[in-house]
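Here the structure of chain A is known, so what remains is to put chain B in place on it, guided by the hints.
Each chain, letter by letter, is given below.
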Amino acid sequence: MEANRSAFDNSISPPSWADMVVIIPAFNEEPNVGVVVRAVAQNVPGAEIVVINDGSKDNTAEVAKSSGATVIDLPCNVGVGGAVQAGFLYAISRRARLVVRVDADGQHPPEEVPALMRAAMENEEDLIVGSRFLSENGYLSSAGRLAGIRLLSLFMSLICRSKVTDPTSGCWAIKRPLLDVFARDYPSDYPEPEALALMRRRGYSFREIPIVFRPRQAGSSSISKWDALFHAAKIMLSLVVDRVRYIDHSLDRPKMLERMRREAASDGAVGYNISRKV
Amino acid sequence: MNWAQGIALFIALIFVGLLGRGIRRRQLSLIRGLVFATIATAAGIYAWVPHILELLDRIPYLTRIRLLMGLISFVVFFVTIESIRRNLIEERYALLWVLTSILLLLCAIFVRVLDFFCHLLGMQYVTFVVTVIFTFLLLLCFHFSAEFSRLVSDRTKLAQRIGLLQARVEQLERKLETIELKRTQLKGAAGELDPLATDNTVIRKQQDIMATRSEKLDSMP
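One line per chain: the protein sequences are A and B, in this order. Under the working numbering, the first residue of the first sequence carries the number 1, and numbering increases by one thereafter. Under the working numbering, the first residue of the second sequence carries the number 279, and numbering increases by one thereafter.
Isolated chain A (complex conformation) (with noise of 0.2 Å):
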């Protein structure tokens, strides 16, 4: 940990945990949520901690506040790229340099917050992504899933022109200038996959580090082992839709950065976070 420190100390000015926001959204969570907001904290103690509720029917907010999070109460269900969008917007709000967004359910381990947030740091990628296939070892998951999971893998390797191990992993840090351009345009159906597709025609680009996943601590996945295959179909035929689709150009990765530095120089804010090699 000390030696990574000295890494920070580079960079334009030293970031702290202060300066990050973790996004957890949360949809009827109650059972986990309180256990993985405590473990975040422990794990990046300063950095606010955020949960979005999408509309739970139980007391997912109400844990949540109680574990010391900040919470956005979403009046209705917006599906959980509305929810992660409403975390983004927040985190700008609040000026913040990195977003990291774990899920709710406990299988993105708090431990690796930190990892995920220093490769942030070092890299100059603009979305460090928790890969489960980039470790040895670790919870995978079911056959039927890893099937889908690799047939999308190999679809998304060939949209993005860059090696994608885990396309639904939802374990990420995302870096200023790009999330910016999520809070503004954030896809809403399969928002993980599509969202890197998106932002690889945008110009920006990621980088997966590996990241040791856990089975879900209680409650059932949203997606059913089942129907991984029919699921990984119907992403493709998304990420199809969105290849074709226009896109706003503005929000290309040279004008925001643009952008962004005549913002920092008009207001003299510090909370941007333009990479050193830019």
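Worth double-checking, as some hints may not be accurate.
[Said to hold, decoys possible] Straight line, CA to CA, 20 Å or less: simulated EDC-like cross-link-like pairs of lysine to aspartate or glutamate:
1) Lys65/A x Glu451/B
2) Lys65/A x Glu448/B
3) Lys460/B x Glu448/B
Worth flagging that the hints you see were computed from the coordinates, not collected in a lab.
Same frame as chain A, but now just chain B:
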């Protein structure tokens, strides 16, 4: 009188009864009243003249279709206008329906005009009318899909905004509470101290000043 006539008479009587009761109690809507009256009349006529169906059979089928089309267009038009009057639908959506009914009416009245299109497209009159209606409904469905997508996206934005604003309000409330608390703690030293200070070091300094002051007060003879 056979059993079919009997059933028809029974139905006619029931609907006449419903109509009468509704009118007496003044709680019958115009549309429902018209529907009741139509059913009662049709059933009554059948009960009275059972060979009405054979008589109808002698009318050319085109005329009957035109009559039906006219009736449908009238119903669509009437329901649309009533819905607008009762603020059930907005005018811009109603316009499509009014157009539908007018189109249907035109199809029923000007058969000769449609003949041109029928020959052009190689269709029979009825097929052509059905095609027109089908196309129109398809467009309407597409219109609704587009509207629906827009509404869903708007709903997401609204939900996000509400959630963010609520979180902000809660944060501000908490901040205000701390300020109020500190203000009461610093009461009595309001003259030169800043009661709105939120910075911990400033507050500590102020508390020190108060402490030394009370010490001075205590040591005074």
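Are the Cα atoms of Lys65/A and Glu448/B separated by 20 Å or less? Holds: Lys65/A and Glu448/B sit about 11 Å apart, inside 20 Å.
Measure nothing beyond the straight line between the CA atoms of Lys460/B and Glu448/B; if it is 20 Å or shorter, mark the hint as holding. Within the cut-off at roughly 19 Å; holds.
Hinted pair, alpha-carbon criterion (20 Å max): Lys65/A, Glu451/B. Please report holds or violated. holds, 15 Å
Of the hints listed earlier, there is not a single one the structure fails to meet.
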